[in-house]
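Number of protein chains: 2
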Amino acid sequence: MYRTAVVFMGTALALSVHAWDALPATPPIPADNPMTPEKIELGKQLFFDPRFSSTGTVSCNTCHNLMLGGDDNRPVSMGVHGLTGPRNAPTVWNSAFHASQFWDGRAASLEEQAKGPVVAAVEMGMADLDKAIGRVRAIPGYRAAFARVFGGEQPVTVDNAAKAVAAFERTLITADSPYDRWAKGDAGAMTPQQIRGLSRFDQLGCTGCHQPPTFAGPHKPRGHFAVFPFHDGPYVEQFQLRQDKGRQAVTGREADHHKYKIPTLRNVALTAPYFHNGRVETLDQAVRVMAAVQLNERLPDADVADIVAFLQALSGEFPALTLPRLPPMVGAALPTE
Amino acid sequence: MYRTAVVFMGTALALSVHAWDALPATPPIPADNPMTPEKIELGKQLFFDPRFSSTGTVSCNTCHNLMLGGDDNRPVSMGVHGLTGPRNAPTVWNSAFHASQFWDGRAASLEEQAKGPVVAAVEMGMADLDKAIGRVRAIPGYRAAFARVFGGEQPVTVDNAAKAVAAFERTLITADSPYDRWAKGDAGAMTPQQIRGLSRFDQLGCTGCHQPPTFAGPHKPRGHFAVFPFHDGPYVEQFQLRQDKGRQAVTGREADHHKYKIPTLRNVALTAPYFHNGRVETLDQAVRVMAAVQLNERLPDADVADIVAFLQALSGEFPALTLPRLPPMVGAALPTE
Chain A
1 MYRTAVVFMG
11 TALALSVHAW
21 DALPATPPIP
31 ADNPMTPEKI
41 ELGKQLFFDP
51 RFSSTGTVSC
61 NTCHNLMLGG
71 DDNRPVSMGV
81 HGLTGPRNAP
91 TVWNSAFHAS
101 QFWDGRAASL
111 EEQAKGPVVA
121 AVEMGMADLD
131 KAIGRVRAIP
141 GYRAAFARVF
151 GGEQPVTVDN
161 AAKAVAAFER
171 TLITADSPYD
181 RWAKGDAGAM
191 TPQQIRGLSR
201 FDQLGCTGCH
211 QPPTFAGPHK
221 PRGHFAVFPF
231 HDGPYVEQFQ
241 LRQDKGRQAV
251 TGREADHHKY
261 KIPTLRNVAL
271 TAPYFHNGRV
281 ETLDQAVRVM
291 AAVQLNERLP
301 DADVADIVAF
311 LQALSGEFPA
321 LTLPRLPPMV
331 GAALPTE
Chain B
1 MYRTAVVFMG
11 TALALSVHAW
21 DALPATPPIP
31 ADNPMTPEKI
41 ELGKQLFFDP
51 RFSSTGTVSC
61 NTCHNLMLGG
71 DDNRPVSMGV
81 HGLTGPRNAP
91 TVWNSAFHAS
101 QFWDGRAASL
111 EEQAKGPVVA
121 AVEMGMADLD
131 KAIGRVRAIP
141 GYRAAFARVF
151 GGEQPVTVDN
161 AAKAVAAFER
171 TLITADSPYD
181 RWAKGDAGAM
191 TPQQIRGLSR
201 FDQLGCTGCH
211 QPPTFAGPHK
221 PRGHFAVFPF
231 HDGPYVEQFQ
241 LRQDKGRQAV
251 TGREADHHKY
261 KIPTLRNVAL
271 TAPYFHNGRV
281 ETLDQAVRVM
291 AAVQLNERLP
301 DADVADIVAF
311 LQALSGEFPA
321 LTLPRLPPMV
331 GAALPTE
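Line by line, the protein sequences are chains A and B.
1 is the number of the first residue of the first sequence in our numbering; add one for each residue after it.
1 is the number of the first residue of the second sequence in our numbering; add one for each residue after it.
Isolated chain A, as found in the complex (with noise of 0.2 angstroms):
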């Protein structure tokens, strides 16, 4: 339903007209990846299993881990044998929601996105995809479980797996934040200054990007990058936020220099350090340095309180997850580096 600020806030709030909606219970389902339990058990499985990377150590939760707020608390993400990446792990919580993947948006889904760690070089190492599917296939109770699932003369596919990691990711959303509850109705959701911080939130123009209920970048062509940093400013060299090309990288065009994918601020406070270089420890600086680079302001630290205290309710319900059992190597062992 569509709701303005004012309607809680108490005081006209002219540029006010968003939608203050609260997250759905469930994302975007594509037609073509039907969830069903026993898809998404399989999902989960291989999302939790180190053994599809060269070493044996890495799996999609060591990056994403969801027993935190699906991240890795890192600047940027330690694959295997210690190697890192340039950049910091996006939260798997609420992905399924965003219109596409990766920090430069280069998947288009989540079924593609799975696919992409596995095989560079930083973070699982596996020389190829195949070689990849191989470590699954010759596990038995992960040809069982994907000819439970897949059906068919060759159930153990690349395209398989992705689709049920992605079918397990559509479960991972924590909806139920204060945000969420307020916006539902429940006037005493959010704290006074909460709504402060959110009206002032609104009132900057955060919104124009960070758009409810996911607070991440609409689903338009046109709306769902933007150049980061915007404005010169001394933040600029003190946390290197132009060593990178953005979404430039993967089109090689002039008009993405600089360009990223809108992140979602939903558990925004359990997912330092921040921005895509991950150079920014706290919730605190990292509202100073966009209300800087991007809006050219300078806030007050009241304002700087308060929209801290709103993003702190956009923190969510995580939903109980049983660890998976993962099926046995049988007569086999992981290689020795």
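Think of the hints as simulated: they come from the structure by calculation, not from any bench.
As the structure is a prediction and not an experimental result, all values here were calculated from the model.
Backbone N, C-alpha and C fix where the C-beta goes; we use that ideal spot for every residue, glycine too.
Be aware that one or more of the hints could be misleading.
[Stated by the list, open to error] Cβ-to-Cβ under 7 angstroms is the rule here; a few derived chain A residues that face chain B:
(1) Thr55
(2) Met67
(3) Pro75
(4) Leu321
(5) Leu323
(6) Pro324
(7) Gly331
(8) Ala333
(9) Thr336
Position chain B relative to chain A; hints supplied.
Below, chain B alone, put in the same frame as chain A:
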């Protein structure tokens, strides 16, 4: 209760005077570390939390993976920066029943064991335990949890962390294996081949070291360790079984040369590869090697198959575990390397 295999086999077995007992539902609990639900939950969090390793990537669960057989399916474990140690990770499932911990028995308790890997350079790689507990203390949610569980002025201590982890580990029991159900009187819980295997296992003398109900070494000062390999033969060279000094490296005593703690065989079908150095990949081969180097026996194929079938009857029921929520780092990040 004491039973002899003869009851179930229908043939007289002169040597079979073991108690074919089922695994107790609970292990011994030390008087100075009583179990409480809050302590167990804290221990579970610490067990799964990778942030107390030098790189922030290795937790207890990395090498003692509870989604697998409580180990890592590797010949030797891999810690920070892809470094590997000299020995195969023992399973943590049912480790609460053992009289000592580590392959060389150098820790007298789970509490003592828990501190070792944190500061092992090739495992979690922390410079010292003070630095590790400093990382725990820096996380507000842990400070609150330690205060609730242990109370006192400064509850976040290494000893308390070890107590919590040990309390959690004492819940990691896999009872109700086919063997256990058979031992409780369900004559059909094991197949005829598995019962033949049990009988052969006993007749050969395997139960001299691998004693029911844990199928590990007995709780006796002189019965808990064994020389391995005991006999010479081609397997010793083939699988490099004498490269490691075993317990001698701890005690310095000649009598402990190549002595190891007798490991449990519970869930052994799930914990390939085998032995202290993980050089043997199949259970089949492990049985042949044990017969040769410990008993100087060369087993017929049918006996090997029967014993392997029996060992598979030692795979228990794994309790469902809910994934813990780990308290967030607030305004902080893990180191970049």
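Evaluated hints:
Restraint check, Thr55/A versus chain B: the minimum CB separation of about 6 angstroms is within 7 angstroms; hint holds. A least Cβ separation of about 4 angstroms between Met67/A and chain B falls short of the 7 angstroms threshold, and the interface hint therefore holds. Hint status for Pro75/A: holds, given a least beta-carbon distance of 5 angstroms to chain B, under 7 angstroms. Annotation: Leu321/A was flagged as interfacial toward chain B, and the flag holds, the nearest CB pair being 4 angstroms apart, inside 7 angstroms.
Annotation: Leu323/A was flagged as interfacial toward chain B, and the flag holds, the nearest CB pair being 4 angstroms apart, inside 7 angstroms. Taking 7 angstroms as the C-beta cut-off, the interface hint given for Pro324/A holds, the closest approach to chain B being about 6 angstroms. Interface hint status for Gly331/A: upheld, as the beta-carbon distance to the closest one in chain B is roughly 4 angstroms, under 7 angstroms. The restraint placing Ala333/A at the interface with chain B holds, with a minimum CB-CB distance near 4 angstroms, inside the 7 angstroms limit.
Because the smallest distance between the Cβ of Thr336/A and any Cβ of chain B comes to about 5 angstroms, under 7 angstroms, the interface hint for this residue holds.
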